[in-house]
Amino acid sequence: MEKKTASMKKKQRTGNIIAYAVLIVISLIWLFPFFGLIMQSFRSYNPAVEYGGMVDYIIPKTFSLDNYRFLFSGETNFLIWYKNTLIIAVFVSIGQTIFILCVSYALSRMRFKGRTLLMRFWLVLGMFPGFLTMICLYFLLKQFGLTQAGAVPGLILISVASSGMGYYVCKGYFDTLPVALDEAARIDGASRSRIFFTLTIPLSKPIIIYTALVAFMAPWCDYVFASYVAFGHDKSYNVAVALQRWIWTNDYQGYFTRFCAGGILIAVPVTILFLFLQKYYVEGVTGGAVKG
Amino acid sequence: MKRFFASLFRDIGDIFVSFADGDGRTRLSYLIFGYGQLRRGQLVKGLSYLACELAFIWYMIAFGWKYLSKFSTLGTVETTKQHRVTVYGDNSFLILLFGLLTIILIGIFILAWRMNIRENRREELLLRAGKTLPSNRKVLGSLLDENFDKTLLALPVLGVFIFTVLPILFMICVAFTNYDKSHQSPTNLFTWVGLANFKEILSFGQSDFSSTFLVVLAWTLVWAFFATFLDYFLGMAVAILINKKGIRFKKLWRTILVITIAVPQFVSLLYVYKMFTNDGLVNGYLLKWGLISSPIPFWTNPMLARITIIVVNIWIGIPYMMLIATGLLMNIPEELYESARMDGATAGQMFRHITLPYMLFVTGPFLLTQFTGNLNNFNVIYLLTKGQPQSMNMVGNAGQTDLLVTWLYKMTVTETNYKMAAVIGIMVFIVTAVISLAVYNMLPSVRDEGGFQ
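Chains as they are written, first to last, in numbering that gives the first Met the number 0: chain V, 0 to 291; chain W, 0 to 452.
Just so you know, not all the hints are guaranteed correct.
[Unchecked claim] One-sided and incomplete, this derived list gives chain W residues near chain V with beta-carbon spacing under 10 Å:
(1) Pro263
(2) Tyr272
(3) Thr299
(4) Met302
(5) Leu303
(6) Thr415
Honestly, the hints are just simulated from the structure, not real lab data. The structure presented is a predicted model; accordingly, all values stated were derived computationally and were not measured. Beta carbons: idealized from backbone N, C-alpha and C, even for Gly.
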């Protein structure tokens, strides 16, 4: 018996060593691009030393803050792009959270005529690709003067207006809250709206944070629609639209390290925020996956 | 379907009964919305119905009719130049959009009319039975109580209607027109062409469009398959590895992977794209170490580009799947593994007979949404390759790694071929809907969904 446990322990130890090795390799692969990004962003831009384009080595020969200085110098509208994206992200986050909470509560707690019809209809609508409607949306926004110069409020409007359709995860969460609580409150004479504001919302902190977080993250990558709505108006670009030109357009040869620096300035705050709220994100994602 | 018609007939019958049986107030309400309610002291309801009718009449006179009357032709008056001044004719785009809106509003108007009649009938019967009607205060108050759903849903439903339903209907209509580069409003008219666009794309190799469509569709399906299932199984494997007994710093490993989700994709993916270019890091080091003599064409060789995209997508997908699997794996009862171990099962057998069936059962719907999500995974493709490498055999600016959605995007933005973009959009919808319906009904967890609640 003793012999057996000893051999098992040995087996387990070798198993663990292999597992650690695999995990370390995985970690290196996953972190490598970010490591590269950071290194490139500190490369000197001075042509006498190195240049800002692509190179085939990862550790810069000289470290400098040239690229960051360039971004803050006002030579480009980087700070405006950053501000635009931040504004969009904050407002979209608030607006979408409110919309989704309203829809989820109504669909989860109230039974009304046309409820299943509405849910089915929205499910079918969700199967149409989002970009299909781009020209029509562009035109609608143009009617309100919300393109080019007004692209920032326009993008907020578009992102918030249709967000009610993304109620699935939040409704799933509401479904798990005991209905008995609601019923008890109703017997005590509380109205539906009172229950919503004083009972349901305080209980839903995790899902509210999840919804707000997901909504906050999305505008940082919004390239497609943002580039279409803000077309040709540099001052209303968001970071994704503005910076990707530095990678794809040949006029910006040598802007590669500047792109990396800009990327770091965007990624660091967003990543820190995300890691702080990671717990809620995991909860939301897992809950959403199980309930579909 | 049968039930729908039955209730429709009952409804129509009800309209006649309400009229024949109703008093003067109810009868006049057939013409003047809310008249009956106002006379019975129901100010809130009466005024809202009346406002509804007046707004509709105003809309029809001011805009609606003008556009609706041209809806069948989408405009006949060409824009012309007279003495160097452009005289604008009909604008097909506006006619189509507002024509559609008008048709929908007419539908809503009829619905409001029907509700107005039903309301009158209800009030009349209540009064006849000797009961009193609720006060105006109470009617308004109910919007925060038993009718709270209407308050909550009003704005979201309106938003979805204006910014999703209307545009989608508009684009569906565009698929039946010749709206493209040479028929751009307001300078040119476009008009209905029936099924011509669909014939072009579905003629199976007869036209350039249909052959490109088949290639793109095939790659879209292959991509979605690999992107979904590779990520699914590898993500699960990583989760099992981290969950393994005796592995320490579990949180650290997870956090390292999760950073990929946190960093905005346009930063990380554009960097990864640059890593694999001919003059990028990967080729640079491989050349320096003498492992290859010329750069590997990761993005320029069609086959290699496709493989690279799928591999890079694993880098994106594993952390996400790992998070989900971690939560679910902990839910599997430990006793199952214990008893399996007693019976001398190996790790592989336990995975095949316990872990995998459980995971597949629980994550069935999730897998489906992942698959349809990947069919439309714009960001990964567009940020990595923009659909390139280009091919001479394909039309509409399509490249070898283009998905249907990225092709649709190019069709709209660079080609301004709106009619074909609309057709592709409808095709994407059909593919998504067919796969969803077929798979959804086969899922075991769907059949006893009620068990959870």
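Consistency of the hints with the structure:
1. For Pro263(W), the suggested interface contact is upheld, since its CB lies about 4 Å from the closest CB of chain V, less than 10 Å.
2. Of the supplied interface hints, the one on Tyr272(W) holds, with its beta-carbon coming within about 7 Å of a beta-carbon of chain V, less than 10 Å.
3. Given the 10 Å rule on beta carbons, the hint for Thr299(W) is violated: about 15 Å separates it from the nearest Cβ of chain V.
4. Violation of the interface hint for Met302(W) is found here, the shortest Cβ-Cβ separation to chain V being roughly 23 Å, above the 10 Å cut-off.
5. A least Cβ separation of about 19 Å between Leu303(W) and chain V goes past the 10 Å threshold, and the interface hint is therefore violated.
6. The restraint placing Thr415(W) at the interface with chain V holds, with a minimum CB-CB distance near 9 Å, inside the 10 Å limit.
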